[in-house]
Amino acid sequence: MISAIYLLVINIASKLVYRIIFAIIVPPLGVFLERGCAADFWINILLTILGYIPGIIHALYIILKY
Numbered sequence: 001m002i003s004a005i006y007l008l009v010i011n012i013a014s015k016l017v018y019r020i021i022f023a024i025i026v027p028p029l030g031v032f033l034e035r036g037c038a039a040d041f042w043i044n045i046l047l048t049i050l051g052y053i054p055g056i057i058h059a060l061y062i063i064l065k066y
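In this text, residue positions in the sequence shown follow our numbering: the first is 1, and each later residue adds one.
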């Protein structure tokens, strides 16, 4: 029982870590994995084109918010 809960927590944490890594390397990919092809994804593409750092900040905000 405890091992199943532990594995669930580790699985959720590892998904979050992968999404954060994707958000730093390719910000729109991190947002896409979190929210799909919604408005947040298109906003992040625009922010990434205008500047890489705003795209990263927005991606991290979206990932940590949801």
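Please keep in mind that the hints were generated in silico from the structure rather than gathered at the bench. Computed from a predicted model, the values in this text were never measured in an experiment. Glycine included, each C-beta is placed from N, C-alpha and C at the ideal position. You may find that some hints are simply not true.
Each pair of labels, with its calculated beta carbon distance range [said to hold, decoys possible]:
hint: 1; residue 1: 45; residue 2: 18; range: 18 to 24 angstroms
hint: 2; residue 1: 51; residue 2: 8; range: 19 to 25 angstroms
hint: 3; residue 1: 9; residue 2: 39; range: 28 to 34 angstroms
Each hint, compared with the structure:
1. Checked against the hint of 18 to 24 angstroms, the C-beta distance between residue 45 and residue 18 comes to roughly 20 angstroms, which is consistent with it.
2. At roughly 38 angstroms, the beta carbons of residue 51 and residue 8 sit outside the given window of 19 to 25 angstroms.
3. At about 31 angstroms, the beta-carbon gap between residue 9 and residue 39 stays in the expected band of 28 to 34 angstroms.
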